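A.B. asks: Here's the letter readout for the chains.
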Amino acid sequence: MKDTPAPTLTPDGRKIGGVLMEMKNITLRFGGVEAIKDISFDIREGEIRAIIGPNGAGKSSMLNVISGFYHPQEGEVWFRGAKRPSMKPYQVARLGIARTFQNIALFDGMSVLDNIMTGRLTHMKSGLFGQALWWGGAQREEVENREKVERVIDFLEIQHIRKTPVGRLPYGLKKRVELARALAAEPKLLLLDEPMAGMNVEEKEDMSRFILDVNDEFGTTIALIEHDMGVVMDLSDRVVVMDYGKKIGDGTPTEVRSNKAVIDAYLGVAHD
Amino acid sequence: MFYREAGDFSTTYQQDSQTFPIKFDRYRYYIVLAVAFGIIPFIINDYWASAVFVPFLIYAIAAMGLNILTGYCGQVSLGTGGFMAVGAYACYKLMTAFPDVSIVLHVLLSGFITAGVGVLFGLPSLRIKGFYLAVATLAAQFFLVWLFNRVGWFYNYSASGQISAPERTVFSIPVTGPNTEAWAKYMICLVFVVVLAWVARNLTRGALGRQWMAIRDMDIAAEIIGVNPLKAKLTAFAVSSFFVGIAGALFFAVYLGAVEVGEVFGIQKSFLVLFMIIIGGLGSIFGSFAGAAFLVLLPVLLKNVLVGGLGWPTDLAAHLELMIVGGLIITFLIAEPHGLAQLWRVAKEKLRLWPFPH
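Line by line, the protein sequences give chains A and B.
70 is the number that our numbering gives to position 70 of the first sequence; each next residue is one higher, with no gaps.
220 is the number that our numbering gives to position 220 of the second sequence; each next residue is one higher, with no gaps.
To be clear, the hints were calculated from the coordinates, so they are not data collected in a lab.
Predicted model only: the values in this text are computed from it and were never measured.
Using N, Cα and C, we set each Cβ at its ideal position, and we do this for glycine too.
Treat the hints loosely; a few may be bogus.
What the hints assert, rightly or not - Residues of chain A clear of chain B, computed beta-carbon distances all greater than 10 Å:
hint	residue
1	25
2	34
3	37
4	84
5	110
6	126
7	168
8	171
9	172
10	174
11	243
12	244
Claimed, not checked - Covered, in the sense of this in silico footprint (three residues per stretch, anywhere, with C-beta under 8 Å from a C-beta of chain B), are these stretches of chain A:
hint	segment
13	93-104
14	112-119
15	127-139
My request is simple: use the sequences and hints to build the entire structure.
C.D. replies: Written as structure tokens, this is what we have:
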């Protein structure tokens, strides 16, 4: 593994640590289609890392590789300084990687509270019989985790809908509940797949604030996919740009913005 | 007016997650328990026990079991009859092999044996879903009934191929066999129901229940937050089969006394219990009771009205009864697809505001 870069400070004074996750030469194929072609990049501790690119560039596939849904044919995933073996998604979750989905993936039949409590499942250890009899251990665990969840609920300002079935909520709140569920797991790395898709300006501002707050207060490392360039440029510390499964740019928002290949991918190339 | 949350504050998270958050509900529940334990045993007679209360209680256990699997974990099963047969035959073998051990222990052990069998037949659920899983469990149903019919060891090579329950006592009161009194049958079933309902409630409100519901609502999202689908589905099969096995054991040992497997635990039984949870409400403990009550009481009620009240011939009434029950089920499902539990929920929400809805 390459040597860890020294901690640096961002312009706004947050500390960026060593490499948390590193993707090395990832190639992912579906039959003959190469969704991701030989991409490498790293995510450093405490940073907000954006992955952008036009539709079909392979961004979501990349997120699915990180969270264990897809297993790349070539390349390695390194997490916290060790090579990660091929894992099922639930094992990845136990490593401390949580995510949200592009299309909301909440449990519609359950209340907001129960949905967020599911985020604590990786931290709950009591056995079948303990739970069946609601014995001291199981009950204590339930209460402890409930306290953690209540903190997340307070943080995201969704106290008033605690007991509401998720199916009844409007879109913006559902997105927030999904974020809450991911946060409740106290992840080391939080993956957000288009957290602002389909939101109006006000909701986007709220969501941006929450993302910054999460990063700031909990020190959670965040990797996000987003189409709203304004949001990406404002939020992220570093940006990976993908197009047709290839990496065409990587760097700070300012660097990426002036990158010729990126401009061409987004605006098209003049044929003369 | 009395049915409200106002003024009833939870100060701890334990209080907040209790089963009946509203005071009125809590008292109603205590009253139901008091009547069930303190009054009914003293006035029950043979007719009420064998036509109404005992089957209702036993079906309530089976319905809770299936509801855990289908309503909470989203895995459809048509093998309930077969699993009840496993419970019944396990209980029979245990009763005859270890006559000195308490029947209560036998019934519990039958539950555990059925849980093991359930896990075995639950293995396909890891690969297949929905209708295909239903067909796989159907195979379990037919296979198990065939097994108990054909393999003499299970019915101790009796000439009739039937199994019949010898007399067993609890606190030297007979609860199985021909000398059992109505109230004793009722009481042993009631105790099992109350304990198992409490267990079901504990499981479904805790971490395990959330895993099941997460798998039911969206299995991909469940996996991403750390639910091991294999473990979640198999525990659902195990717990569900445990309940169903106990129901089968009680059905054989306490209720019927003698059983011929194809007749009693056939595919009709699977459908009956499935109808109970669909009509009662999927994913609701109360719904399991409501559905069991509906399908046990309705035929009895109709028979009493048609034969006793209107004086129709019994055979005509029996056929009409089937048609009426079928018709009612369809009407009911169109009017309220989420079952009696949903009706109850809506009624409670309305009641909470009554009589000042603004």
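A.B. asks: Now tell me, hint by hint, if it's right for this structure.
C.D. replies: Evaluation of the provided hints:
No Cβ of chain B comes within 10 Å of the Cβ of residue 25 of chain A; the nearest lies about 25 Å off, and the non-interface call holds. Chain B leaves residue 34 of chain A outside its interface by the beta-carbon criterion, the shortest separation being 24 Å against a cut-off of 10 Å. Even its closest Cβ contact with chain B, about 25 Å, leaves residue 37 of chain A beyond 10 Å, as expected for a residue assigned away from the interface. Listed as a non-interface residue, residue 84 of chain A keeps its Cβ farther than 10 Å from every Cβ of chain B; the least gap is roughly 16 Å.
Its closest Cβ contact with chain B, about 5 Å, brings residue 110 of chain A to no more than 10 Å, contrary to its assignment away from the interface. Non-interface call for residue 126 of chain A relative to chain B: violated, since the shortest CB-CB distance, roughly 7 Å, does not exceed 10 Å. With a minimum CB-CB distance of about 12 Å to chain B, residue 168 of chain A clears the 10 Å threshold, and the non-interface call stands. Every CB of chain B is more than 10 Å from the CB of residue 171 of chain A (nearest about 17 Å), matching its label as outside the interface.
Every Cβ of chain B is farther than 10 Å from the Cβ of residue 172 of chain A; the closest lies at roughly 19 Å, confirming the non-interface assignment. The non-interface label for residue 174 of chain A is consistent with chain B: the shortest C-beta to C-beta separation is roughly 12 Å, beyond 10 Å. Every C-beta of chain B lies more than 10 Å from that of residue 243 of chain A, the closest at about 27 Å, which supports listing it as non-interface. Distance to chain B confirms residue 244 of chain A as a non-interface residue, since its nearest Cβ pair spans about 26 Å, more than 10 Å.
With 5 residues bearing a CB less than 8 Å from a CB of chain B, the segment 93-104 of chain A meets the requirement of three and the coverage assertion stands. Counting residues of the segment 112-119 of chain A whose CB falls under 8 Å from any CB of chain B gives 4; the rule of at least 3 is met. Interface restraint, the segment 127-139 of chain A with chain B: holds (7 residues with C-beta to C-beta distance below 8 Å; minimum three).
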